[in-house]
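Chains as they are written, first to last, in our numbering: chain B, 1 to 244; chain S, 1 to 57.
Among these hints, one or two may not hold up.
Unchecked claim - With a Cα cut of at most 30 Å, we get these calculated DSS-like pairs of lysine-lysine:
no. : chain 1 : residue 1 : chain 2 : residue 2
1   : B       : Lys-151   : S       : Lys-49
2   : B       : Lys-114   : B       : Lys-18
3   : B       : Lys-237   : S       : Lys-38
As the list claims (entries may be wrong) - For each label pair, taking beta carbons as the anchor points, the in silico distance ranges come out as:
no. : chain 1 : residue 1 : chain 2 : residue 2 : range
4   : B       : Ile-141   : S       : Glu-55    : 28 to 36 Å
5   : S       : Glu-2     : B       : Phe-82    : 51 to 59 Å
6   : S       : Glu-2     : B       : Trp-121   : 30 to 38 Å
These are computed hints drawn from the structure, not numbers from a lab. For every residue, glycine included, the Cβ atom is placed at its ideal position computed from N, Cα and C.
Here's the letter readout for the chains.
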Amino acid sequence: MNLYTYASPANFYVLAGKLVPWFAWGTGIFTVWGLYIAFFLAPTDFQQSEAYRIIFIHVPAAWMSMFIYLVMAFWGAIGLAFNTRLSFMMARALAPTGAIFTFIALWTGAWWGKPMWGAWWVWDARLTSELILLFLYVGIIALWAAIDDIKRGDRAGSLLTLIGAINVPIIYFSVKWWNTLHQGASVSLTKAPSMAATMLQGMLVLAIAAWLYTITVALIRVRRIILERERQTEWVKALLEKET
Amino acid sequence: MEWASWSEFWNMGGYGFYVWGSYGVTAACIAVEVYLLKRAAGDTRRRLKRMQQWEEQ
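Same shape as in the complex, but just chain B (with noise of 0.2 Å):
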């Protein structure tokens, strides 16, 4: 089998098709069991008491605010560099789930910090970063519809979002690189996590559910944008005719 063979349109619905149903079932067994841990086995906090739970939350939604970004500029890239059809379509697939991401980690975010920090918002440069981070998915998505002319859009959107990547480095490095209310990393691939084995592997679990289930909803997402694109052509015609 030619792995090309999927970067083909027509191909790769079907394969998305059948993959589907895996991602969602994955997903629900990963967010059970994330929350198990979460609530009935990770201990109380002996700082912050019960209400460090949202952690298990708040941070698998902001790693996937920012890794869901590099992947569209990933796809960006690739459909600028080599003009693949499929890889534009991916990007568009994925930016309003990382948009939810990014909103979902700000808000989990303000909710820790009234009760911990006395402050719903700062103007410190994690949250700030982390907010121009929603305003770049919004702008590109509102960029992609305001654009009738599905290759100029492609080709804009994804510029746009090659240029705002640089700010995923700024908001991962902002605790270190300014004082900041936010406080460092709790886990970094450099050093061992500074909390218990429990809370770090709720966390984990809550990550790899959150990692499903976008891979879910962006499989779905984009075989209605490649039946949207590919109306013209003679096997959507067909597919079609087929339910009907």
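With chain B held as given, fit chain S onto it using these hints.
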């Protein structure tokens, strides 16, 4: 973590408002996204089929 009762669970050590405010809105966001996705999938199919029928006439 063992909770003595359900009311203690919902209370979250006095932080129930903030914990459930976070989890609730997250669940709502995901529910809305899934709902919109399902609705959009149906809309697209219906619209494409209609367009196809016009072309055939």
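Structure-based check of each hint:
no., hint, verdict
1, B:Lys-151 / S:Lys-49, "holds (24 Å)"
2, B:Lys-114 / B:Lys-18, "violated (44 Å)"
3, B:Lys-237 / S:Lys-38, "holds (21 Å)"
4, B:Ile-141 / S:Glu-55: 28 to 36 Å, "holds (30 Å)"
5, S:Glu-2 / B:Phe-82: 51 to 59 Å, "holds (56 Å)"
6, S:Glu-2 / B:Trp-121: 30 to 38 Å, "holds (35 Å)"
The structure fails hint 2 only (numbered hints given earlier).
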